[in-house]
Amino acid sequence: MSGKEVTIVVDGREIAATEGEMLHDAAREGDVEIPVFCYEPKLGAPVGACRMCLVEIEGIPKLQTSCSTPVRDGMVVHTRTDQVKHAQSAVVEFLLVNHPLDCPVCDKGGECPLQDITQGWGPGQSRVIDEKRHFEKPIELSPLVAIDRERCILCYRCVRFSQEIAEDEQLQVLERGDRSFIGTFDERPYVAPFHGNITDICPVGALTNYTYRFRARPWDIEQAGSVCTLCPSQCNVSFTVRDEQVKRVITRDNHEVDDGWLCDRGRYGFEMFGAEQRVAGPRLRGGASDWETAIAKAAAGLSAAGGKVAAIVGDASNEEGYLVQRLLRGALGSPHIDSRPSRGARREEIVRLAQPSLSAKVREIDDAEVILVLGTDPLHSSPILDLRIRKAIRRNGARLALATERPTALDGGAEAIARYAPGEAAHFLSELAAAVGGSENVAAPLAESLRDAGKVVVIWGERIARDGATPALLDLAAALSIESTDGSGLLEIPDTTNARGLREAGCLPDAGPGLSEPNLAFGSQEDQKAQLDGKSTEEIRAALESGEIESLLLFGVDPIRDFPDTPAWDAALTACKHLVVFSMFENATTAKADVVFPLETHAEKDGTVTHPDGRLQRVRPSASRPGDIRPNFQVLSELSAALGHNTGINSQPTAFAALRQEVPFYADVTDASIGGKGIRWQDTPSASSLPSPAPSAGAPSERFAEEEQSSPAAPAVPPSFDEVPSEEGAPALGASFALGTYRDLWAGPITELNPPLKFLQPTQRVEMSPADAERLGLKQGEKVLVGQNGTSIEAEVQIKERVSEGVVFLAEGTSEGNANGLLNGGPVRVEITKLSETHA
Amino acid sequence: MSQNGDAKLPVDRAVTEGRVPGRREEQVPELHEVDCPPELRERIETLMSRYPDHRSASIPALWAVQERYGWCSPEGIRQAGAVMQCTPAYLESVATFYDLLHTEPVGTHRIEVCTNISCWMRGGDELLDAFKAATEGEDDFFVTGFECLGGCDIAPMAAIAQRYYGPLEAAEAGVAIAQLKAGEDVLPAKALEQRPLAGDVPAPEANATEGES
Amino acid sequence: MPHELETRVLLEHAEDPALRTMAGYKGYGGYATLEKAYREMEQDEVLKDLEDSGLRGRGGAGFSMGKKASFLPRGKMDKYLCCNADESEPGAFKDRELMQRNPHQLIEGIAIAALAADAGHAFIFIRGEYDLQADILDQAVAEAYEAGYLGENILGCHRDLELVVHRGAGAYICGEETALLDALEGKRGNPRLKPPFPAVQGLYGGPTLINNVETLSNVARILAHGVDWFKSFGTDQSPGTKVVSISGGVRRPGNYEVELGIPTRDLIYGLAGGPLPGCEIKAFYPGGSSSPVLTAEEGMDLPYSFEAMAEAGSMLGSGSIIVADDRVSIPHMALRTARFYHHESCGKCAPCREGTNWTVKMLERVVRGEATPMDLDIIDSVQDNITGHCLCVLGDSMAMPVSSMVRKFRDEFEQVIDEAADPYAAVQGSILTVGTAG
Ligand SMILES: Cc1cc2nc3c(=O)[nH]c(=O)nc-3n(C[C@H](O)[C@H](O)[C@H](O)COP(=O)(O)O)c2cc1C
Ligand code: SF4
Ligand code: FES
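Protein chains in written order, with my numbering: chain V, 1 to 840; chain R, 841 to 1053; chain W, 1054 to 1491.
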């Protein structure tokens, strides 16, 4: 779009428009409504299929489709002449020729574009007395979506979504002419991670959610805007609430965040809010308890540890994170707090990465010339970005470069792909940084597509920080001169949903609120030194086993399922003298707890979260808290009061105020400026008070070089590169494989405690290359044992052409055979044996 | 909101009980998941190589599948999808758009009888009935009425095994079927290929047939 | 020996079976023009000849070929040429004859047109039903590659042209130029929004010239004998000869090549031998099933040209005459016509998809006698509601002939209705329908 301002005349009124924008959109901005069915800008180029939007344009004899006509300066348009009215009522009549008009029993009734447009532009009476076409109705398009083909008006929105947005190409038009219908290959179910969106865009009652069918009428419900915190994407949602319960989740378009789409996790996840496993009130080992007792018990246990106490925060709002670290540092005088599953970057690196000049906003993906994805598969870790990247490639010709351990969903659209061995991120990235600088090495092919690329957006997974890759990442950023190119930037995909917010709120072992050097903010008696070397999650675990730490507070984390090295965590939590767990659901971790406090869901809580690109958004309470659940911030401040540290926080506003006061670069972020769409703190004046990074002495990697070994972030000494499996072939290691693991989109409570999503619950599969499978004589679907000195888990063989030889992959967080059971913080090699053999 | 200690939650199981799909969804199959006959695979790959964009080969590829299996069977479509790296759904959607691609099993001998305007005027409907009658209950024959085949000059006409014949007497349907069974040349005298230019033939004696009504 | 009313240019020597081989074609001087064009002519010279010749498209729209070719942007980019051999309109079978009897004439025309369009890739999109003709083309294309008239560095002139014969699979809509492009890209043959026009953004998004078989078959001769020679045939707005397909109620149905502008009577009586014994001609489609029918009185004495037919409220279209004699029931003919378009509608746009289907249902009630005269008005107004509202003109292609029949032969429709066994059948039907439709 050229962006030039022009003026057009619609129905005699002058309207300011942008040259190139579609006439329909321009007219709407001028308050002239032109009815549409097939047109949906989110879906990309218009198709002009339904013909509902015909208008008269002076100088053109035939009526034109306003959805597909770009405006020109001085264009004179008529939308209400007899000729246009005739066309509009003709089209409505045609659309109703085969429509069953079963509005009284249709879920869409009352919020149906077809109803509205028929009333507004239709002929008002029917001349059709002939038999309408019949289909079996409704039938199961997927376990989540019902399709009623009789109601379908063939606008093709849904198939265009499947074809051009999700690009799964599963949903198609079958047959021809008026026999056409929407369907899938061989009547298979349409199962794809974004498919729920078709229920939002269908303009009639043809596509409806099984989770919502017949549960409410439009006049029974309220829409409550909030933010989904089921993954780091923090998509904007609108909860459909009836009787203070969430009945449906739909999109709340925010171009800066989600582009108006939702993944099925966010759309159907709400069904787990009511699971039996939900922690519906405080409880002690014995069972349910009243609040006063539970808080007293928790306080007693925590203080009894006399400072030998730690906390780990996971799924939490900024305010909650702030309160937890304040409770620990202020009330308990302990520095041992973290918000990462194992270990990660150090404060110095985090501060550097947080610099506005280095960070990319989501929208910048759209106009990037090259998108570099490092060590993550957005589909699993931040689904909505998968769509965003596809859009950039499809519509704006962006080029995609990938460097990951495991094949990703985006491989198909990539210009260059590099696969490094599990745990080799740091090593590979430094090679890549060097290669961009011109040196010929293993990363050179990938560097090809990066050299003098202009706008580069680097999307990197927090995981590579586990492998100590952050210094190398900063080198790469320097090599790509990201800091000095606007439109370029880094965007992190963290492991947890509000990771950035929690770090900035102070949930780090080596940084306080606002990424400050931690200090005795709350007059605790500990000395500076102690404050500075707080323990990382991994170290906390070790300290629990050694008894160095006796009491632990877990807020929204389930180490036994989600953290590497399950056996070690099991031991650590068993060793823990006093365990306080804030959890949404009962699980293996709460089973070991002395005190369990309930957590609010993102439909119930009130607070702010910070998007990986720095955007603060407001999670608003939309539904009632079931059972005996209290607001999390209230519980935390009561607990800290019980520990003799009065925070004076008794409401969301007071909590938010305290946060803004202690995180200087949040100072100018207000409820008002957050509004409905959120605001990036980088775009507020107070951004300048972000701590500035240590004056750089040479390349970052050099700066950190000497610390490497000592630091918690130091990786196990990497094997030399030639051992890294590559396209050339596998290392000669017989049946021993490098183990890579990944977090599956569907692993965890989201599917296990959620009846509608249960069918997606992943079973453990070991992914390997066809060549390796052949070598081991393994067939697709065969059961095998994947083992590592002693411990082993059962898995099904999944042959994948794009897996490199010598590597196998397992999913983390599965209910059976959780791959975390095999991890130990370093690179892991596994043996694979047929199940049959072991029985023999 | 309820503040009583009752921890049991009101959950509306009636509508939230889970559904389980009967079968797996179908994405782009990998070659090891379909056993595509090598010759079919090579054929499709050659076709793909003829076009600047390999997707252009989808219709030719479906023709190849139909030749191999007699129809565009789901298995055949999956094989083509694996070779072309597109979803079977995409190919099925293409296949169902075109009249000559069959997504249901059909007889090996295919006969399309034109029932469009010009043929209808000269007895196309009767010819179709005759062919239907002549192949009653014979599975390896597939007879269907068809829109204008572009043989109006030899109306009423039919395409037998993709070749045009006409003008046909209803009686000749039986003859053609017999010849097909015997593996002989079908109605040589009526083959379009043998026909001289209209301008070079003397006027035949009119054989008028009643139009319907 | 051709009839004196015929003027065989494209069909010259067509009676000779050897013509379809390279040897036979060259025997009559074939490919000399291609050699001349490739060796001696610049793109603009070729373009100029084509434009000056006034050659109008033979696929239906009748648009100047040279002008269309000149719309293609210049400069280095992938450009394409598509020969439209989908010929699926009821009554049309001229392209079949041209490809079957003289494939090399088409290939030579394509190669020269590619020069004018500066296209490196050419495709012949032939309807899947034309299996014999496609085989013949495959054979001829192979010969042309063999002889170095196609492929890389043609005749050492540093020009390349790849030609692929692409078989459709049975869908009339693929004859519509943008649907043809989608089909050629491996998709369902749905028409595209215009603009952008194919000449600017066509196949794979590149500039694309699309012409009909007969149009392209003319190209070589125009360059061979010159513009004036070509203009010496036909009328000044419709120069050249036209292969006319005549079928239906005539004694000698077939393809006849004539100069545009000859009296229609000469075509139907002189060449096609007039009505069958004992019959009289009632009406005819002058330009294929999508042209409004003309009664014998209206049309028989008009000159057969684009302009005359347009004036008479019909069109020359693809140049296919379907003759209906006095035994033909017009309501049934209207139904056949509507059924065709209903069957072939791609379904992308609502007015065509639903309009064709609704029209068929109403006409079926008419011939079943389950209609009232009021239904005739509804049928007519539905045709009006379709016209000009669709994505492509397939919808109009039904609306125009159907409404012409309803208007010109209303008495016949009413008569059919009057013969109804039960005048209330329709109403009862409707009550039933309403009951079951929900
Ligand atoms: C529904 C429809 C069907 C058509 N079918 C054909 C066809 O079969 N053959 C053809 O040459 N043109 C056909 N056309 C016309 C083409 O769209 C296009 O105008 C023509 O191929 C251009 O070639 P020409 O300029 O040489 O005539 C059709 C148009 C429509 C709207
Ligand atoms: S199902 Fe809905 S979205 Fe899809 S084509 Fe039909 S009406 Fe449009
Ligand atoms: S909205 Fe413009 S054609 Fe459908």
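There may be inaccurate statements among the hints.
[As the list claims (entries may be wrong)] Pairwise CB distance ranges, derived in the manner of DEER restraints:
hint	chain 1	residue 1	chain 2	residue 2	range
1	R	Glu-879	V	Lys-779	19 to 27 angstroms
2	W	Glu-1417	R	Arg-863	56 to 64 angstroms
3	V	Asp-411	W	Ala-1363	39 to 47 angstroms
4	V	Gly-790	R	Pro-861	32 to 40 angstroms
[To be verified] Examples of chain W residues toward chain R, derived with CB under 7 angstroms:
hint	residue
5	His-1056
6	Gly-1209
7	Cys-1210
8	Asp-1235
9	Gly-1258
10	Ser-1300
11	Asn-1308
12	Tyr-1309
13	Tyr-1322
14	Ser-1342
15	Ala-1363
16	Glu-1364
17	Ala-1365
18	Gly-1366
Rather than coming from a laboratory, the hints here were simulated on the basis of the structure.
We put the CB at the ideal spot given by N, CA and C, even for glycine.
*What are the numbers of the hints the structure violates, in ascending order?*
2, 3, 6, 7, 8, 9, 13, 15, 16, 17, 18
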